[in-house]
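**Q** These protein sequence lines map, in sequence, to chains A and B. For what it's worth, my numbering labels the leading residue of the first sequence as 1, then goes sequentially. For what it's worth, my numbering labels the leading residue of the second sequence as 1, then goes sequentially.
If you're looking for bench data, these hints aren't it; they were derived computationally from the structure. These numbers come from a predicted model, not from an experiment. Some hints could be false.
[To be verified] Quick list of in silico lysine to any residue cross-link-like pairs, SDA-like style, CA-CA up to 25 Å:
1) Lys73/A with Lys25/B
2) Lys33/B with Ala110/B
3) Lys25/B with Arg83/A
4) Lys87/B with Asn82/A
5) Lys129/B with Asn146/B
6) Lys36/B with Asp35/A
7) Lys84/A with Phe91/B
8) Lys36/B with Ile104/B
9) Lys53/A with Lys25/B
10) Lys33/B with Ile42/A
11) Lys84/A with Tyr90/B
12) Lys36/B with Phe33/A
13) Lys87/B with Asn54/A
14) Lys87/B with Tyr55/A
15) Lys64/A with Ala44/A
16) Lys33/B with Glu81/A
17) Lys84/A with Glu88/B
18) Lys21/B with Ile42/A
19) Lys13/B with Lys64/A
20) Lys57/B with Lys13/B
21) Lys36/B with Leu50/A
22) Lys82/B with Ile48/A
23) Lys53/A with Ile124/B
24) Lys87/B with Asp35/A
25) Lys53/A with Lys87/B
26) Lys36/B with Asp25/A
27) Lys64/A with Ser95/B
28) Lys66/A with Pro94/B
29) Lys58/A with Ala110/B
30) Lys87/B with Asp25/A
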Amino acid sequence: MENLILELKEQIIEVLNLEGMTPEDIDENAPLFGDGLGLDSIDALELIVLMEKNYGIKLDDPNKGKVIFTSIKTMAEYIQENRK
Amino acid sequence: MKDGVVLFESTNKTDANLFLKEIYKFLELNYLKFFKMDHLSKLGFLAAEFLLKEMPKENLEFMNIYLACSSSSLDSDIEYQKTIRDKESYFPSPSVFVYTLPNIVIGEIAIRFGIHGNNSMFIIPPYQKDEFLKTPNHFFQDTTINPQLSGYLDYLGDHYKAEFILKY
């Protein structure tokens, strides 16, 4: 799980252009939206694309997104259980 | 260059994106959204920053912005096309797609400075740049006496140009 969390952090920094950030700067339990990383709605769409492109997970129910994208950790847990 | 005075000169002559990053650092900005913008928006955002950063807030609120470009959003259109050209790996990028309109640069400037005035983006041939920059306000059906930011900018590949004029 730790490897997956690190991998996710690296991918998110690259895909979302989080300039100057390193994986160590990101707390896996911090909220992705709002106070934590301060991501916006376009970033959320990029995260959905990232999950499908890199892990073969298609998010059919948008309502699930709120729970899955709570933090890096919740995202990693969902990927672990559903990756193809 | 501002009012004929060179403010910043880069040693890098080839990488336009690196040049924009250097200006960001030179201006000592702390605006993370900058790194999410496309090249055209970064270029316009920085050009506006040089002119507007010291302007009082009350002069900014109702400022009108009239910009023109020649290549439109072609630079971002090409980037977006890269995400959809392979049928086996078809993942359209939402964050690139939002910049596939040239007027987004005006939105980025308006958000940065809290500007709520009129605005328009024109697509013109490069040779009409000087004529556009001399265009009087009434051409834009603008009868206000609000401050005005007008300018020409263009970005395609490693070719870029921005020339902004502030009237107030």
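**Q** Hints first: check each against the structure and report whether it holds.
**A** A quick look at each hint next to the structure:
With a C-alpha separation of about 33 Å, the suggested pair Lys73/A and Lys25/B falls outside the 25 Å cut-off, and the hint is violated. For the suggested pair Lys33/B and Ala110/B, the alpha carbons sit about 13 Å apart, so the restraint of at most 25 Å is met. Taken as a hint, the Lys25/B and Arg83/A pair is broken in the structure, with Cα atoms around 40 Å apart against an allowance of 25 Å. Distance restraint check for Lys87/B and Asn82/A: the Cα-Cα separation of roughly 24 Å lies within the 25 Å cut-off, and the hinted pair is therefore satisfied.
Between the alpha carbons of Lys129/B and Asn146/B the distance comes to roughly 23 Å, so the proposed pair stays at or under 25 Å and holds. Restraint check for Lys36/B and Asp35/A: satisfied, since their Cα atoms lie roughly 18 Å apart, inside the 25 Å limit. Note on Lys84/A and Phe91/B: the hinted pairing holds, with a Cα-Cα distance of about 17 Å set against a maximum of 25 Å. Distance restraint check for Lys36/B and Ile104/B: the Cα-Cα separation of roughly 13 Å lies within the 25 Å cut-off, and the hinted pair is therefore satisfied.
With a C-alpha separation of about 33 Å, the suggested pairing of Lys53/A with Lys25/B is violated against the 25 Å cut-off. Of the pairs offered as hints, the one joining Lys33/B and Ile42/A holds, with about 12 Å between alpha carbons and a cut-off of 25 Å not exceeded. Between the alpha carbons of Lys84/A and Tyr90/B the distance comes to roughly 17 Å, so the proposed pair stays at or under 25 Å and holds. The straight-line distance between the Cα atoms of Lys36/B and Phe33/A is roughly 16 Å, inside the 25 Å bound, and the hint therefore holds.
The suggested pairing of Lys87/B with Asn54/A holds, with an alpha-carbon distance near 16 Å, which does not exceed 25 Å. Between Lys87/B and Tyr55/A the alpha-carbon distance is near 18 Å, which keeps this suggested pair within the 25 Å criterion. At roughly 12 Å between alpha-carbon atoms, Lys64/A and Ala44/A fall within 25 Å of each other, so this suggested pair holds. With a C-alpha separation of about 33 Å, the suggested pairing of Lys33/B with Glu81/A is violated against the 25 Å cut-off.
Proposed proximity of Lys84/A and Glu88/B is supported: the alpha carbons are some 16 Å apart, at most 25 Å. Under the criterion of a C-alpha separation no larger than 25 Å, the hint pairing Lys21/B with Ile42/A is consistent with the structure, at around 22 Å. Annotation: proposed proximity of Lys13/B to Lys64/A is violated, straight-line Cα distance about 48 Å (limit 25 Å). Restraint check for Lys57/B and Lys13/B: the C-alpha separation of about 35 Å exceeds 25 Å, so the hint is violated.
For the proposed pair Lys36/B and Leu50/A, the alpha carbon gap of about 16 Å is at most 25 Å, so the pair holds. Between the alpha carbons of Lys82/B and Ile48/A the distance comes to roughly 18 Å, so the proposed pair stays at or under 25 Å and holds. Only pairs whose Cα atoms come within 25 Å are accepted, and Lys53/A paired with Ile124/B is rejected, the gap being roughly 38 Å. Distance check on the hinted pair: Lys87/B and Asp35/A sit about 38 Å apart at the alpha-carbon level, beyond 25 Å; violated.
Our distance criterion of 25 Å between C-alpha atoms is met by Lys53/A and Lys87/B, whose separation comes to about 13 Å. Note on Lys36/B and Asp25/A: the hinted pairing holds, with a Cα-Cα distance of about 19 Å set against a maximum of 25 Å. Annotation: proposed proximity of Lys64/A to Ser95/B holds, straight-line Cα distance about 21 Å (limit 25 Å). With a C-alpha separation of about 18 Å, the suggested pairing of Lys66/A with Pro94/B holds against the 25 Å cut-off.
Restraint check: the Cα-Cα separation between Lys58/A and Ala110/B comes to about 36 Å, which exceeds 25 Å; the hinted pair is violated. Between Lys87/B and Asp25/A the CA atoms are separated by roughly 36 Å; this puts the pair beyond 25 Å, and the hint is violated.
Hint compliance for this structure: hints 1, 3, 9, 16, 19, 20, 23, 24, 29 and 30 are broken, all remaining hints hold.
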